[in-house]
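Visitor: First to last, the protein sequences are chains A and B.
So the first sequence is numbered by the working numbering: it starts at 18 and just counts up by one.
So the second sequence is numbered by the working numbering: it starts at 1094 and just counts up by one.
Derived from the structure by calculation, the hints contain no laboratory data.
Treat the numbers as computed from the prediction; the structure is a model and nothing was measured.
Misleading hints may appear alongside valid ones.
Stated by the list, open to error - Per the computed footprint, the stretches of chain B lying under chain A, defined by three or more beta-carbons under 8 Å from a beta-carbon of chain A, are:
1) 1098-1112
2) 1121-1131
3) 1147-1153
4) 1160-1170
Stated by the list, open to error - Think about it this way: if two alpha-carbon atoms lie no more than 25 Å apart in a straight line, the pair counts; the simulated DMTMM-like pairs of lysine to aspartate or glutamate are:
5) K52/A x E1173/B
6) K1145/B x E66/A
7) K168/A x D1123/B
8) K1097/B x E233/A
9) K1145/B x E233/A
10) K1145/B x D1123/B
11) K1097/B x E169/A
12) K1145/B x E169/A
13) K1106/B x E169/A
Here a beta-carbon is modelled for each residue, glycine too, at the ideal position from N, C-alpha and C.
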Amino acid sequence: MGAQLRVYRRRMRSVKATKKITKAMELISASRIVKAQQRVAASTPYANELTRAVSAVATYSSTNHPLTTESENPRRAAVLIISADRGMAGAYSNNAIKEGEQLAALLKSRGLETASYLVGRKAVNYYRFRNREIAGSWSGFSDTPTYENAKEVADALLTAFLADSNEGKVGVDEIHIIFTEFRSMITQEAQAKRMLPLEVVESSTPVPTGLLPMYEFEPNAGEVLNALLPRYIEARIFNAMLQSAASEHAARRRAMKSATDNADELIKSLTRRANAARQAEITQEISEIVGGADALASASAGSE
Amino acid sequence: MTLKVAVVSPTQKVWSGEASFISARTTEGDLGVLPGHAPLFGVLVDGAVSIKVADGTTQEFNVHGGFLSVSNDRVSILTESAG
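Isolated chain A, as found in the complex (with noise of 0.2 Å):
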């Protein structure tokens, strides 16, 4: 076997097996996807009803709740990025930290300093190797969120927000979220989202809340709204996890779908130029025995 067509054919044993590694990778993705979405609806339930009750609570009462009271002259803002623990998903993380860069960008422009919350492996890394400060980071989970999880994240956000940032370099008077809004196995766009002071009402989807009853509340509207905003944040970022979740998948089969696709084509111009390559070694072979069965009866012929 000639030099060439060996060449050709170790690259294509080596791309066949990578392409059967890409379209495992894409299958798992796809099942994982629809596991992901089941469990963004299995949320909604509770996100709603919370939801509901903030409103009703905020639109009924006149209680000044430090979560919902605008800072006169704010000077923190925390940024959460919520990406993937790894790679193999195309933009899928780069599309969460390029919205946090312009977010930070703009925050920047108000006269903001931001501290970053970084949830995922990919974020850390990117903010590790830019040697900038890193206010908290969570990783392992990006794949299968919990709510403890998400309670863990929250509790560090709250806290910090609920410490006074005049004092020092631990408080923050803006809380932001990036994460990945799933839209649907297609469409996935990363968004930037102020999570506190709170806009209530401000989900893409509008809860079907009606009109809202007039509650009463027990024990009383300060001491529902205490209670009420800090699961309120905790569900609304589980809920952006879950989403980010599902967006990975999506993300990552997309991107596996297009390596097998591009491993077929190469498989298959690498076929046709290793067959080339074999029919002009034959080709050659024949000319060279002809050639040589020539010159022997030339040369017999010629000593006779």
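We have chain A; now place chain B onto it with these hints.
Guide: Below, chain B without anything else, positioned relative to chain A:
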């Protein structure tokens, strides 16, 4: 007249159905809800929520904190964990 009840946790809908009476413990004390109750929003403490289902059986849930909201004979019990 029955109450439409839903017990929901962040990860799933734990239970839903029709009930005739609900008893739960809020920060102010025990509270019972019958059909026709005025709109109410209460903060629950750790403890049991018992639901008298329309068919006569009783459902008990141990809630770990949470909220109870009543409006137009629709009751939602929001809790972080129910068992």
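Visitor: Hint by hint, say whether it matches the structure.
Guide: Hint check results:
no.: 1; hint: 1098-1112; in the structure: holds (count 7)
no.: 2; hint: 1121-1131; in the structure: holds (count 3)
no.: 3; hint: 1147-1153; in the structure: violated (count 0)
no.: 4; hint: 1160-1170; in the structure: holds (count 5)
no.: 5; hint: K52/A x E1173/B; in the structure: holds (21 Å)
no.: 6; hint: K1145/B x E66/A; in the structure: holds (22 Å)
no.: 7; hint: K168/A x D1123/B; in the structure: violated (28 Å)
no.: 8; hint: K1097/B x E233/A; in the structure: holds (19 Å)
no.: 9; hint: K1145/B x E233/A; in the structure: holds (23 Å)
no.: 10; hint: K1145/B x D1123/B; in the structure: holds (15 Å)
no.: 11; hint: K1097/B x E169/A; in the structure: violated (33 Å)
no.: 12; hint: K1145/B x E169/A; in the structure: violated (35 Å)
no.: 13; hint: K1106/B x E169/A; in the structure: holds (22 Å)
Checked against the numbered hints listed earlier, the structure breaks hints 3, 7, 11, 12; every other hint is satisfied.
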